[in-house]
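Modelling step: build the complete structure from the supplied sequences, incorporating the hints.
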Amino acid sequence: MYCIETINLSHRFAKNEPVLNKINLQVPDGSVYGFLGPNGAGKTTTLKLILGLLKKQDGSITVFNKSIDGNRIEILKQTGSLIETPSLYTHLTAAENLAVWQKIYQCSAKRNADVLETVGLSATKNKKAGQFSLGMKQRLSIAIALLHNPALLILDEPTNGLDPNGIIEMRTLIKRLNTEQKTTILISSHLLTEIEKMVTCIGIINKGELLFQGSLHELHAKQQQSSTILFETSDTGRTMQIMQDLSLQPELKEGMVNLRVTGKNTIAAINQQLVNNQIDVFQIYTFQNNLESLFIDLTKKNA
Amino acid sequence: MSYLHSFQSEWLKTKRSAAAWLTLAGGLFIPIIILTDLLLNYKTLPVAYTAVHFWERHFSRSWQFMAFFLLPVGVILASSLIAQLEFRNNAWKQVLTTPQQFTTIFFSKLLVIIVMMLQFFVLFSLGIYGSAIIPAVLLQAVPFPAAPLHPAGFLKTTALFFIDCLPIISLQYLLSLQFKNFLVPIGIGLAIFMAAVIANSWKYVYLNPYSYCMVNFSRLQGRSTVNVPLHTFALSYFLLFVVVGFVLFIQKKEKG
Numbered sequence: 273m274y275c276i277e278t279i280n281l282s283h284r285f286a287k288n289e290p291v292l293n294k295i296n297l298q299v300p301d302g303s304v305y306g307f308l309g310p311n312g313a314g315k316t317t318t319l320k321l322i323l324g325l326l327k328k329q330d331g332s333i334t335v336f337n338k339s340i341d342g343n344r345i346e347i348l349k350q351t352g353s354l355i356e357t358p359s360l361y362t363h364l365t366a367a368e369n370l371a372v373w374q375k376i377y378q379c380s381a382k383r384n385a386d387v388l389e390t391v392g393l394s395a396t397k398n399k400k401a402g403q404f405s406l407g408m409k410q411r412l413s414i415a416i417a418l419l420h421n422p423a424l425l426i427l428d429e430p431t432n433g434l435d436p437n438g439i440i441e442m443r444t445l446i447k448r449l450n451t452e453q454k455t456t457i458l459i460s461s462h463l464l465t466e467i468e469k470m471v472t473c474i475g476i477i478n479k480g481e482l483l484f485q486g487s488l489h490e491l492h493a494k495q496q497q498s499s500t501i502l503f504e505t506s507d508t509g510r511t512m513q514i515m516q517d518l519s520l521q522p523e524l525k526e527g528m529v530n531l532r533v534t535g536k537n538t539i540a541a542i543n544q545q546l547v548n549n550q551i552d553v554f555q556i557y558t559f560q561n562n563l564e565s566l567f568i569d570l571t572k573k574n575a
Numbered sequence: 033m034s035y036l037h038s039f040q041s042e043w044l045k046t047k048r049s050a051a052a053w054l055t056l057a058g059g060l061f062i063p064i065i066i067l068t069d070l071l072l073n074y075k076t077l078p079v080a081y082t083a084v085h086f087w088e089r090h091f092s093r094s095w096q097f098m099a100f101f102l103l104p105v106g107v108i109l110a111s112s113l114i115a116q117l118e119f120r121n122n123a124w125k126q127v128l129t130t131p132q133q134f135t136t137i138f139f140s141k142l143l144v145i146i147v148m149m150l151q152f153f154v155l156f157s158l159g160i161y162g163s164a165i166i167p168a169v170l171l172q173a174v175p176f177p178a179a180p181l182h183p184a185g186f187l188k189t190t191a192l193f194f195i196d197c198l199p200i201i202s203l204q205y206l207l208s209l210q211f212k213n214f215l216v217p218i219g220i221g222l223a224i225f226m227a228a229v230i231a232n233s234w235k236y237v238y239l240n241p242y243s244y245c246m247v248n249f250s251r252l253q254g255r256s257t258v259n260v261p262l263h264t265f266a267l268s269y270f271l272l273f274v275v276v277g278f279v280l281f282i283q284k285k286e287k288g
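Residue numbers (this note's numbering), protein chains in the order written: chain A, 273 to 575; chain B, 33 to 288.
It should be emphasised that the hints constitute simulated quantities derived from the structure, not laboratory data. One should not assume that every hint holds.
[Unchecked claim] Here are the simulated lysine-lysine pairs, DSS-like style, with alpha carbons at most 27 angstroms apart:
1) K287(B) <-> K338(A)
2) K447(A) <-> K469(A)
3) K287(A) <-> K349(A)
4) K287(B) <-> K479(A)
5) K287(A) <-> K285(B)
6) K338(A) <-> K47(B)
7) K375(A) <-> K47(B)
[As the list claims (entries may be wrong)] Using C-beta positions, here's what the derived DEER-type ranges look like:
8) V279(B) <-> S394(A): 41 to 49 angstroms
9) L158(B) <-> Q378(A): 31 to 39 angstroms
10) A385(A) <-> T135(B): 31 to 39 angstroms
11) N296(A) <-> Q133(B): 24 to 32 angstroms
12) T257(B) <-> Q378(A): 51 to 59 angstroms
13) V279(B) <-> K287(A): 20 to 28 angstroms
14) E346(A) <-> R251(B): 47 to 55 angstroms
15) R251(B) <-> A385(A): 53 to 61 angstroms
Fair warning: this is a prediction, and the values are worked out from it, not measured in the lab. We put the CB at the ideal spot given by N, CA and C, even for glycine.
If you want it as structure tokens, here you go:
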């Protein structure tokens, strides 16, 4: 079952090119969904549409199995969000900032202390938000998003501007929320390395197109498929010919013959053929794409 | 109930804000100036305090500066600053993703501005009274005002001044919801106000929604040629700007 589902979601600003083109986002219940894409890919626009901050033009959005049209308030009662920069009243203290939202959500005053504890800001509750570091501001914003104990948390680039320690803290917090409170979390980022350690599902978007969507396991499988075997031989031309005779599709890259990953037996057979044809084989090795280069590959192909 | 909770939330945001300080300082500024003047000229007070029309004169003197300059400018600044709290703190997106109707958000915020202005009027009225009484308390030679105070009359005049500044509140609110840069609504507001000042003696000055405090004061002094139901005009403009402001707010394609 999906916590968030969009069908053919499209959006354009004024007369410009579409910012989103038929996005079919499927965020499973209880998952940590990493929404990845370079800057300007359409991540924030998608999240704003889901939260009702942008007027929907084409397609449909369902959250908790309810259409956003006509159910905005009901959906928002169970949704916490942090979009782009922190939304804090800098002239108010951390505790007062929470009190502003607590009045609306009508949750108990004790909940304010609980969420401050969760994000590790209890000691600074009487400090003005304007005096907070960016990391503390992000944490306080997450505390606000958690105040009403939402079933869904939408975080748009929450690690932006954080130092490595801040990123680790954020990651730990998100994992804890997901495992302990079963909160479904949709988190966007432009850096795969930042979120790959905490997400269970991934969606990759670029130029308004959803290029990949699936579990982390599926992404790893794609990574395997995109790995290549490199052959460095004394005669690249004949090496290519031998491979083509075996119905393979080699490519020449930087003086080496490049082949999509194939079975061990095929590699042995190619090697055998090369040796039989008096071609010296200097090295054969597997070049495995890491997830980051896979992400770059996917987004480059779409560029 | 949702309006009450929303109002409480909005009111909390004004704590220690520039708008709150402005309300406090604006309400007490003229009474303090007048009190200082009275204390500096204490020798004339024993006679002045026995005058039959002491309160009318004191009230009129206090309202003169307020109605002609401080009130319109103060309202322009305070109304704009309230909406700017959200822009300045990137908080619109957070406000608009709370489970509240857009109508509730719009009117709660407007109500906060109106209540803040009421607070300003109460402070100013207490200041007027205090600035007259304090010299009599502090200085032995100064008697308490001999003339009776007519609270009902003063309250009515104050209430009418409040109605006269409602169009400024509503138009500034409308403008400050539309522009991220707070200088734009303040600039437009000051330009409309300056136009009202320049056209003060013109018989159609009442068409300018920012002119009513000035015209009302001139009328109280018997110096105005404007002969229209001024407060009805003020209320009509107020309603018009609130409706237009509300429609523009809910029709915004991109919120937050």
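Here is what the structure says about each hint:
1. K287(B) <-> K338(A): holds (22 angstroms)
2. K447(A) <-> K469(A): Roughly 9 angstroms separates the two Cα atoms, so the pair holds.
3. K287(A) <-> K349(A): violated (34 angstroms)
4. K287(B) <-> K479(A): holds (22 angstroms)
5. K287(A) <-> K285(B): Satisfied, since the Cα-Cα distance of roughly 14 angstroms is no more than 27 angstroms.
6. K338(A) <-> K47(B): Outside the cut-off at roughly 38 angstroms; violated.
7. K375(A) <-> K47(B): holds (15 angstroms)
8. V279(B) <-> S394(A): 41 to 49 angstroms: holds (44 angstroms)
9. L158(B) <-> Q378(A): 31 to 39 angstroms: Check passed, 35 angstroms falls within 31 to 39 angstroms.
10. A385(A) <-> T135(B): 31 to 39 angstroms: Cβ of A385(A) to Cβ of T135(B): about 32 angstroms, so the range 31 to 39 angstroms holds.
11. N296(A) <-> Q133(B): 24 to 32 angstroms: holds (30 angstroms)
12. T257(B) <-> Q378(A): 51 to 59 angstroms: Check passed, 54 angstroms falls within 51 to 59 angstroms.
13. V279(B) <-> K287(A): 20 to 28 angstroms: About 24 angstroms separates the Cβ atoms of V279(B) and K287(A), which means 20 to 28 angstroms holds.
14. E346(A) <-> R251(B): 47 to 55 angstroms: Cβ of E346(A) to Cβ of R251(B): about 53 angstroms, so the range 47 to 55 angstroms holds.
15. R251(B) <-> A385(A): 53 to 61 angstroms: Since the Cβ atoms of R251(B) and A385(A) sit about 56 angstroms apart, the hinted range of 53 to 61 angstroms holds.
Consistency with the previously given hints fails for numbers 3, 6, ordered from lowest to highest.
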